[in-house]
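Protein chains: 2
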Amino acid sequence: MSQASLPALTMGLNALSALLDKAESYAAAKKIDPSVLLNTRLAPDMFSLLMQVQAATDIAKNGASRLAGVEPPRYEDTEKTLDELRVRIAKTLSYVESVDRAQIDASADRTLSFPLGPKNKGEMKGDDYLSHFLLPNFYFHLTVAYTILRHCGVELGKTDYLGGIPMKMSPR
Amino acid sequence: MSQASLPALTMGLNALSALLDKAESYAAAKKIDPSVLLNTRLAPDMFSLLMQVQAATDIAKNGASRLAGVEPPRYEDTEKTLDELRVRIAKTLSYVESVDRAQIDASADRTLSFPLGPKNKGEMKGDDYLSHFLLPNFYFHLTVAYTILRHCGVELGKTDYLGGIPMKMSPR
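Quick note, the sequences are listed as chains A and B, same order.
Using my numbering, read the first sequence as starting at 11 and increasing by one per residue.
Using my numbering, read the second sequence as starting at 11 and increasing by one per residue.
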């Protein structure tokens with residue numbers, strides 16, 4: 011359970027932070043205020059880039075906490091700048107790396123309960139939560155963040171999304 | 011390994027097929043040719059909706075095959091319509107469900123080798139391939155397909171992306 015969750019979250023959060031670095035370089039080169047990128051949405055009722063980063067980090071820290079059976083830290087969602095978002099990502103990385111792996115490894119058959127919006131709660135078995143909630147939601151927000159930047163013209167490729175994955179590439 | 015891969019692929023492919031059903035209803039209601047939706051891209055050098063569906067199904071059938079240590083079936087990429095894409099998804103679902111789970115379960119420490127474009131190959135350990143290649147790439151294309159439809163105005167929510175996940179929802 012910990013091996014199927016924590017490295018994926020760490021890899022994705024590092025990739026997300028690097029995406030923000032590329033957004034910053036692009037904004038500087040094009041003389042665009044970075045807040046234009048941070049406020050871009052792909053549909054009027056979808057989250058902006060800034061909110062996608064908040065959501066991805068929320069899911070990472072909430073997910074690691076639920077699997078470990080501990081209460082997640084609260085974030086205040088006050089970020090406005092690229093620097094503040096990078097601090098939030100770094101804080102989330104530290105948190106994810108601090109969670110007790112043994113507790114996560116014991117979570118596969120445990121029923122996890124978690125808030126869903128202001129009024130409801132969801133309940134899922136630990137391994138279902140990992141496969142059908144945590145990972146798809148985490149990659150959703152990472153992908154939309156990446157796609158917003160592509161949509162805005164930032165030059166990115168799939169490796170910017172995947173991050174520094176442990177793959178050996180060679181000629182066939 | 012099979013439990014962390016096959017149910018996620020099945021859930022996602024079923025969600026993708028249902029997204030195409032909603033695209034079809036939307037096109038009919040708005041009197042839009044569905045090919046307009048299928049040819050929409052979120053950046054000029056990103057895949058269209060049609061190609062996102064092809065890519066998601068490719069990754070599902072290739073990923074299940076690589077984990078099981080068998081050669082993936084070849085798809086000819088001739089689809090042009092929603093119906094043809096749904097047939098492709100259904101074929102992929104049948105394939106994913108047919109793969110030998112015991113062979114996948116034995117793949118965590120095996121080194122998998124797979125083509126990367128026309129000239130290169132990638133090599134990864136089975137559990138790394140699942141966590142850092144198969145799942146992030148699969149959710150990438152599923153998310154972009156969903157986001158293209160949201161961008162076009164189709165009314166969708168997160169549950170359309172997640173699919174029929176095994177979650178019990180109740181008041182807090």
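Treat the hints as calculated values from the structure; they're not laboratory data.
Among the clues, some could well be false.
The list cannot tell twin chains apart, which means a pair is met if one copy fits it or any two copies do.
In silico PhoX-like pairs for lysine-lysine, Cα to Cα no more than 25 Å straight-line [to be verified]:
{"no.": "1", "residue 1": "Lys-32", "residue 2": "Lys-135"}
{"no.": "2", "residue 1": "Lys-41", "residue 2": "Lys-178"}
{"no.": "3", "residue 1": "Lys-168", "residue 2": "Lys-135"}
{"no.": "4", "residue 1": "Lys-40", "residue 2": "Lys-168"}
{"no.": "5", "residue 1": "Lys-178", "residue 2": "Lys-135"}
{"no.": "6", "residue 1": "Lys-101", "residue 2": "Lys-135"}
Now the hints, each set against the structure:
1. In this assembly of identical chains, the alpha carbons of Lys-32 and Lys-135 never lie at most 25 Å apart, being 38 Å within a copy and 29 Å across copies at closest.
2. For the identical chains of this complex, Lys-41 and Lys-178 are neighbours neither inside a copy (37 Å) nor across copies (49 Å), given an alpha-carbon limit of 25 Å.
3. In this homomeric assembly, Lys-168 and Lys-135 come within 25 Å of each other (Cα to Cα) only across copies, at 20 Å, whereas the closest approach inside a single copy is 32 Å.
4. For the identical chains of this complex, Lys-40 and Lys-168 are intra-copy neighbours only, at 23 Å inside a copy versus 34 Å across copies, given an alpha-carbon limit of 25 Å.
5. Taking CA atoms no more than 25 Å apart as the test, Lys-178 paired with Lys-135 passes between copies only; the shortest distance there is 10 Å, against 35 Å inside one copy.
6. Neither within a single protomer nor between protomers do Lys-101 and Lys-135 lie at most 25 Å apart by alpha-carbon distance, with minima of 27 Å and 29 Å respectively.
Hints 1, 2 and 6 from the list above are not met by this structure, while the remaining hints are.
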